[in-house]
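Chains as they are written, first to last, in numbering that gives the first Met the number 0: chain F, 0 to 307; chain P, 0 to 307.
Incorrect hints may appear among the rest.
Unchecked claim - Ranges of calculated distance between the beta carbons of each label pair, as one might list FRET restraints:
no., chain 1, residue 1, chain 2, residue 2, range
1, F, Lys175, P, Glu243, 23 to 33 Å
2, P, Asp116, F, Pro188, 28 to 38 Å
3, P, Thr48, F, Asp195, 37 to 47 Å
4, F, Pro229, P, Glu240, 38 to 48 Å
5, P, Glu240, F, Asn166, 21 to 31 Å
6, P, Gly213, F, Pro164, 17 to 27 Å
7, F, Lys185, P, Glu243, 36 to 46 Å
8, F, Pro188, P, Tyr134, 52 to 62 Å
To be verified - Rough simulated footprint, nothing fancy, chain P against chain F, three-plus residues with beta-carbon under 8 Å:
no., region
9, 8-16
10, 45-52
Said to hold, decoys possible - Restricting the straight-line Cα-Cα distance to at most 25 Å, the calculated cross-link-like pairs of lysine-lysine (BS3-like) are:
no., chain 1, residue 1, chain 2, residue 2
11, P, Lys300, F, Lys185
12, F, Lys280, F, Lys303
13, P, Lys2, P, Lys280
14, F, Lys189, F, Lys1
15, P, Lys185, F, Lys189
16, F, Lys189, P, Lys280
17, P, Lys268, P, Lys280
18, P, Lys232, P, Lys280
19, P, Lys244, P, Lys280
Derived by calculation from the structure, the hints in this document are not laboratory data. C-beta atoms are modelled at their ideal positions from N, C-alpha and C, and glycine is treated no differently.
Number of protein chains: 2
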Amino acid sequence: MKKVRVFAPASIANLGCGFDIMGLALDEVGDILEMTAEEGDGITITNLTDVPLPDDIEENVITPVIRKFLEMTGQKAKIDVRVCQKIYPGSGIGSSAASSAAAAYGMNELFDCPLSDEEMVVCAMEGENLASGGYHADNAAPALLGGIILIRGYEPLDIIQLPIPGNFYCTVVHPKIMVSTKEARKILPKAVPMHDAISQWGNVGGLIAGLYSGNIGLVGRAMRDSVAEPYRKQFIPGFDELREKILASGSMAMNISGSGPSVFSLSDKRETAHRAGEIMKEHFDSRGIKCEVYVVKVTNKGAKLLAQ
Amino acid sequence: MKKVRVFAPASIANLGCGFDIMGLALDEVGDILEMTAEEGDGITITNLTDVPLPDDIEENVITPVIRKFLEMTGQKAKIDVRVCQKIYPGSGIGSSAASSAAAAYGMNELFDCPLSDEEMVVCAMEGENLASGGYHADNAAPALLGGIILIRGYEPLDIIQLPIPGNFYCTVVHPKIMVSTKEARKILPKAVPMHDAISQWGNVGGLIAGLYSGNIGLVGRAMRDSVAEPYRKQFIPGFDELREKILASGSMAMNISGSGPSVFSLSDKRETAHRAGEIMKEHFDSRGIKCEVYVVKVTNKGAKLLAQ
């Protein structure tokens, strides 16, 4: 029997303009799984947290990730998973991706690392497909690889790790409102008006140029979403007002994290990032909405082994 | 009376995926204007080339550029322009932008450079608007500033000069087929299917990441257009077949330049770029279509003063 304890971080998908193609790992928040492999067959998942997870393993994102790994590597084993720490589902900070990434990373470690980074992402995407009905890597790739990730394309999967400017702080607030990723996808139109599409890819270009050149001002200007935000911000009470307050306090951008309801802001100073967190907390507190706030310096870590 | 002689280069707009937001200057091909300013009022334009230009100055892109410059700077003068060298209109390598950029640059020089780079682009965009019915800077900005340009956004104009990898060769063929920019815009749909839009901004991200990291392979993979090319390639006989031949010969990408009919390929070796030029020439010759071929090493020059 072999045993590992693995961590995979929460993540922010889209980063404003990069709908379905960009994501960022929040290294200090995430899921922890203990996984064992032994001779035999079958999967068991035990939830040791107080976060509600489905009892049926077929509904847990971990299951299709494990199956994909076994299929890709031709291995056979009995896998037991204990969920030791879990981000709340429906938070918009990549709860399903953290579990999926941890499962993919853990399986790879259990079997002496037969898969490449991109192959692990392919495994993790099976979990994302179960969670949201689509093969997306914009949370799964940063949760596995860390840092800020661009998915240039899916056919074939082309993943690019982007540079992180020296002072790059994210503030994330998770208001306790339920928004299902499936619903948040359904609300989007099937086509994008040409003018908005052009704005979006201009901003994606600017965001990537800003990251490479360390121009945080440009990153902030470019972090605008003409495509999903106009539809999704309705789920977040007082979204426009909150952004006004956040930008007025010195942060460079504020956007919806993934499909929401979490919201994140970007700052180049730790104090500004903490100030943004206070404003976010006040905003939701005053509306009677409970929330959690995280302030994270963005770095290049991703999924990793923990001491057992 | 003050006199200048100015050059502004041809340019390739869109660069595959960067529809309306990216362009590249072709330093070795372009327009040359001689401009004089003296006391008085009015504009005259004399065409010294054998390229047909409109007799009515109101139809020449140079006129609105000069007027915009005078309006922005509060100057008054009689301006005479002599067109000494001219790219064929309708070529798809930024003929109107080269004239517009040369006019904006020349005016700025005649009046001791009161305008910034971005303000000169604003002037040059007046010429683009006359030519194609829209304020686009994807040819005008590279024609003025040189190199590879990203226009992050238009409101306000946010222009970013991108780095150029060490070995970066463009081959351009201008087949003598008439395609009007206005027609080539009209044929495009008003909205982009979400899936294609996502592919496009993934590729824009990849292209910019490739330019910054000097990864020419990534630049080539990213130079794909899901938005305009499917509609515009019908104007270019045997487009798909030509691309197959060009890619098989070692070039990294082939796309339509701007709205066509010119086509360009990208290579990291001078010999490959010349080979692409030969294939392009054979392709159009065998179809009875006359063409001109240029092979250009991409550099950072743009509009400039010439000795008189």
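task: Go through the numbered hints given earlier and state which of them the structure violates, listing their numbers in rising order.
output: Violated hints (numbers, rising): 1, 5, 8, 9, 10, 11, 12, 13, 14, 16; every other hint is consistent with the structure.
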